[in-house]
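Trainee: Sequence:
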Amino acid sequence: MRLIGLAGWSGAGKTTLLARLIPCLTGRGLTVSTVKHAHHRFDVDQPGKDSHTHRQAGAQQVLVSSAQRWALMTELRGAPEPALPELLAQLAPVDLVLVEGFKRDHHPKIEVFRAANGKPWLHPEDSAIRAAATDTPPPGGALPHAGLDDIEAVAGLVLRYAAPWPS
182 MRLIGLAGWS GAGKTTLLAR LIPCLTGRGL TVSTVKHAHH RFDVDQPGKD SHTHRQAGAQ
242 QVLVSSAQRW ALMTELRGAP EPALPELLAQ LAPVDLVLVE GFKRDHHPKI EVFRAANGKP
302 WLHPEDSAIR AAATDTPPPG GALPHAGLDD IEAVAGLVLR YAAPWPS
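Positions in the sequence shown are counted from 1; adding 181 to them yields our numbering.
Treat the hints with care, since some could be wrong.
[Said to hold, decoys possible] Restricting the straight-line Cα-Cα distance to at most 16 Å, the calculated cross-link-like pairs of lysine to aspartate or glutamate (EDC-like) are:
id: 1; residue 1: Lys284; residue 2: Asp307
id: 2; residue 1: Lys284; residue 2: Glu306
id: 3; residue 1: Lys300; residue 2: Asp286
id: 4; residue 1: Lys217; residue 2: Glu306
id: 5; residue 1: Lys284; residue 2: Asp316
id: 6; residue 1: Lys217; residue 2: Glu281
id: 7; residue 1: Lys217; residue 2: Glu262
[Stated by the list, open to error] For each label pair, taking beta carbons as the anchor points, the in silico distance ranges come out as:
id: 8; residue 1: Ser191; residue 2: Gln241; range: 17 to 23 Å
id: 9; residue 1: Pro320; residue 2: Pro228; range: 43 to 49 Å
id: 10; residue 1: Pro305; residue 2: Thr234; range: 45 to 51 Å
id: 11; residue 1: Gly210; residue 2: Ala334; range: 16 to 22 Å
id: 12; residue 1: Pro305; residue 2: Gly337; range: 31 to 37 Å
id: 13; residue 1: Pro320; residue 2: Gln227; range: 42 to 48 Å
id: 14; residue 1: Asp331; residue 2: Met182; range: 22 to 28 Å
id: 15; residue 1: Ser246; residue 2: Pro318; range: 26 to 32 Å
id: 16; residue 1: Glu256; residue 2: Gly328; range: 37 to 43 Å
id: 17; residue 1: Pro228; residue 2: Asp286; range: 29 to 35 Å
Since the hints were derived computationally from the structure, they do not count as laboratory data. Beta carbons: idealized from backbone N, C-alpha and C, even for Gly.
Please put together the full structure from these sequences, using the hints given.
Mentor: In structure tokens:
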């Protein structure tokens with residue numbers, strides 16, 4: 182299994198890029214999974230559903246299964262948020278894991294940068310950034326980069342810089 186992150190400020194286009202990148206990579210015959218970090222409270226469940234009732238009643242984990250998919254929800258109930266390696270250990274093996282967020286972790290990353298966002302570059306302060314998907318050249322000119330809309334070129338960067346996991 183290989184791993185690479187997409188890191189950037191909110192509004193840079195990470196999710197949009199991932200939504201276009203995943204079909205490109207799977208079209209090349211790769212199996213792909215994603216891990217997304219959320220900075221706020223989120224819920225994948227809906228009030229009124231049995232699984233939501235189970236969680237609200239105090240279940241630590243709730244597994245929901247059907248003929249099309251299954252999902253496992255874990256309530257932390259005050260425990261610390263798991264680190265990225267703990268979360269990755271929960272995944273079934275695939276060729277490539279794309280991590281959105283976790284920008285402060287030290288796995289290899291591609292910075293997603295949009296000039297109109299008005300935020301500073303993460304590179305060169307983050308030594309784990311190997312390349313950029315951007316609408317403007319990176320400062321210093323030494324960082325490999327591709328245009329945000331050049332999905333084939335971004336996929337090439339992903340495959341070039343993804344590292345084996347566990348490393």
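Trainee: Run the structure past the numbered hints and jot down the numbers of the failing ones, going up.
Mentor: 3, 4, 5, 8, 12 and 15
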